[in-house]
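Trainee: With the hints as your guide, set chain B onto chain A.
Note that the protein sequences, when read in sequence, are chains A and B.
With positions in the first sequence counted from 1, the corresponding number in this note's numbering is that position plus 1487.
With positions in the second sequence counted from 1, the corresponding number in this note's numbering is that position plus 1487.
Please note that the accuracy of each hint is not assured.
The list treats identical chains as interchangeable, and a pair is accepted whether it falls inside one copy or across any two copies.
As the list claims (entries may be wrong) - Restricting the straight-line Cα-Cα distance to at most 20 Å, the calculated cross-link-like pairs of lysine to any residue (SDA-like) are: (1) 1760 - 1631; (2) 1784 - 1608; (3) 1760 - 1553; (4) 1794 - 1661; (5) 1660 - 1791; (6) 1635 - 1701; (7) 1602 - 1776; (8) 1796 - 1544; (9) 1660 - 1637; (10) 1716 - 1751; (11) 1760 - 1775; (12) 1760 - 1548; (13) 1760 - 1546.
Rather than coming from a laboratory, the hints here were simulated on the basis of the structure.
Number of protein chains: 2
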Amino acid sequence: MPQSATVNRRIVLASRPTGAPAPEHFRLEETAVPVPGPGQFLLRADYLSLDPYMRGRMSDAPSYAAHVEIDAVMTGGTVSRVVASQHPDYREGDLVMAYTGWQDYALSDGTGATKLDKNMPRPSYALGLFGMPGFTAYAGLLDIGQPKEGETVVVAAATGAVGSVVGQIARLKGCRVVGIAGGAEKCRYAVEELGFDACIDHRGDDLPQQLRDACPKGIDVYFENVGGKVFEAVLPLLNVHARVPLCGLIAQYSGVAPNAALLSTLPRNLLTKRIRMQGFIIFDYYQRAGYFAEFFKEMSAWVAAGKIKYREDVVQGLENAPQAFMGLLEGKNFGKLVVQIA
Amino acid sequence: MPQSATVNRRIVLASRPTGAPAPEHFRLEETAVPVPGPGQFLLRADYLSLDPYMRGRMSDAPSYAAHVEIDAVMTGGTVSRVVASQHPDYREGDLVMAYTGWQDYALSDGTGATKLDKNMPRPSYALGLFGMPGFTAYAGLLDIGQPKEGETVVVAAATGAVGSVVGQIARLKGCRVVGIAGGAEKCRYAVEELGFDACIDHRGDDLPQQLRDACPKGIDVYFENVGGKVFEAVLPLLNVHARVPLCGLIAQYSGVAPNAALLSTLPRNLLTKRIRMQGFIIFDYYQRAGYFAEFFKEMSAWVAAGKIKYREDVVQGLENAPQAFMGLLEGKNFGKLVVQIA
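Chain A extracted, bound-state conformation (with noise of 0.2 Å):
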C-alpha cells in the first residue's frame, strides 16, 4: 500500500544478521498514525536515507552508537513535511531534516530536527551532498586527509554518496583522483563525469598492479570506507608521511573477515613510512562550532559553479528499502541512494 493519511507503515529490525542483512531481518508493519502533543509536531516522511553506518546498528556489538532493538524501528534520516504541529516553530509545511527512521510518520518535539536550507537545490540532497554523507567526505578529507595540490588521492566507492564527493574535492585541491568502483559503467563516470584521473574496476583480479599503474607516484591520501581487499590494494603503495581517514569499512559490515596476515603488517607500515590513520565519524564534526555552516556555504558555491556534481539513485516505496539496503552493501547503488516514501 501506499502512504496514507491514517495508516503509519514503519520497517521494524526482526532479528540480527551475523553476516549480509537477508528480508528475514525485517518486518514491514502498521500502526496508527500518532497525533503531536504540546509543544510537538507530525512528521510524514518524503525522501528516507540509506546508508552503509546502518548495518552497524543492526548489531548488538559494541559500538558508538546505540543499536536499534528488536522489534523497534530501524533507524534512519529523512526529509520529512510538517503535517500537524503544537509547536510554536513548526508550521504545516514545513520542510525538516530529522532522523525518523524508516516509517512514515514520527512525532517530534524539533530535538535533532533542522529545518531545510531555503537554498538546497533539491530536498533530498539534504540527504546526501548537503547532509552526512557529503559533511563526511567534507570533513574527511580536508580535516584529516589534507590533501595537498599534486599529491595523489584514491578513494574507493567512488561514485557513492561519500566518494564521488571527495574525489571531486580532492580534484579542486589540485590532486590527482584515482577511484575505485564496481564495474565499468561507474568507472566511466568517475572519469568522464566526475572528472577523476582514473578509476579501476575492483572486479577485476588485478586490483593490485592496475592500482600501482594508475598511482606512478604512490598514494598521499587513502579515503578509506571499506576495507577488504581494496585495503590491501592501497597499503603496499601509501607514501612516506600518508594520511589515511577511516570512516568506514563496508566490506566488514557483512561479514567479510579481515585479512589478519595483512593487518599484523600495519603497525610496522605506520612506523616506517610516518602514516597517519584516523578513525572518525562525522557526528563529531557536528560540535565543531560553525564547521558545517562553513561546509554549506563552500560546497553549495561549488555546486553553483558546476564544479561538483551529484548523482542520486532513487528507489520508490518504503516497502522496498530492505532490499534497496541489501543492494547497498553489495555495491549495487549507482549513487546516493534514497527511498522516495511520499
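Mentor: Relative to the frame of chain A, chain B by itself:
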C-alpha cells in the same frame, strides 16, 4: 685493548640476524687512524649511544633509513672530541655530537656534526635527554599525543631513555601516568623517582588486568615503542579519541611475531573509537624550523628546576657494545644506555 692514539678499533656488521642479534653478527676490527685532509677534522669518541633503532639498520628490509652494509661499521651517534683539524670552524678540544658509529676515530667535514651546547649538564646527555631520545619523547608526546590535563597516559619501557621522559613530561602536563617496565626495581624507580602514578611489571602474567586496574578511566594517550603483548593489553582500554604516537616496535625488532588476530581488529578499533595512530621518526622533527631549539630550551629549564630526572646506564669499553646492545633489546639496561669509550 683500550682506546689508543695509533689504532682505530671499530665494530662492523659481520652478518645479518633474522631474530635477536647474537655475538657472531658483530666483529671487532683494528685499522689505522685516518688523517684529516683540507676541510676535515678527526674525531675521537668519548661516548657511544646504543638505541633500539639500530636493530633496524642491521636488517636489509625496506625502511626509512639506509641499512648497514655487511663489513661496514655499525652506525650510531657519539659524543666525540676534535683531536686534529683542518676545518676552519672546528678546533682541537671541541666537543661534538656526530654519527661516527661504533668506533674510536672518524673523519668529518662537519656534515651532521653539532658542537655541544655550553649548557649541556654532562657531555653524554647529548645522546639522551638532550638528544634524539629526549627529543623523540618531547615531539611524539606533545605534537602527536597532545595530552590534556586529567587524561591518562600510558608509556612502555617506562624507565628507558624515551619512556622516562615521556612520562615525566606527561606528569608536568597534569596527566595520570602509568608506566610499564620489566621488573620490580624499575617499577619502583618509575613511581618513586620519576613520579609516575603507577607502574606495572610486564613480567607478571596478568598485565591486561593490572593495566585495567591502573587505568580506571581508560587510556587517552599510549606512547607506543614496544608493540607485542603490551599493545595487546593497551588496545581494549583506549578511549574514544585516543592518540597513539608510534615510534618503535622493539618487541618486533628481534622477531617476535605480531599478533595477527589482534591486529585484524585494529581498523575497527580505530574507527569505532575515532583513534589517531601515527607513526613518526624523529629525524622529520629535526627538519621543523626552530623546533629542536624550542625543545632544548624547555628541557633545560625543566632539568634546572629539578622537574625532569634522568638516569644513564654506562657500559665501559667499545668491545662491550655488542653485548650491551643485545641486552638493550631484552630490556636489561636501566636508564639510557651509553658506552664510555675513552
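Trainee: I'd like to know which numbered hints this structure contradicts. Please list them from smallest to largest.
Mentor: 8
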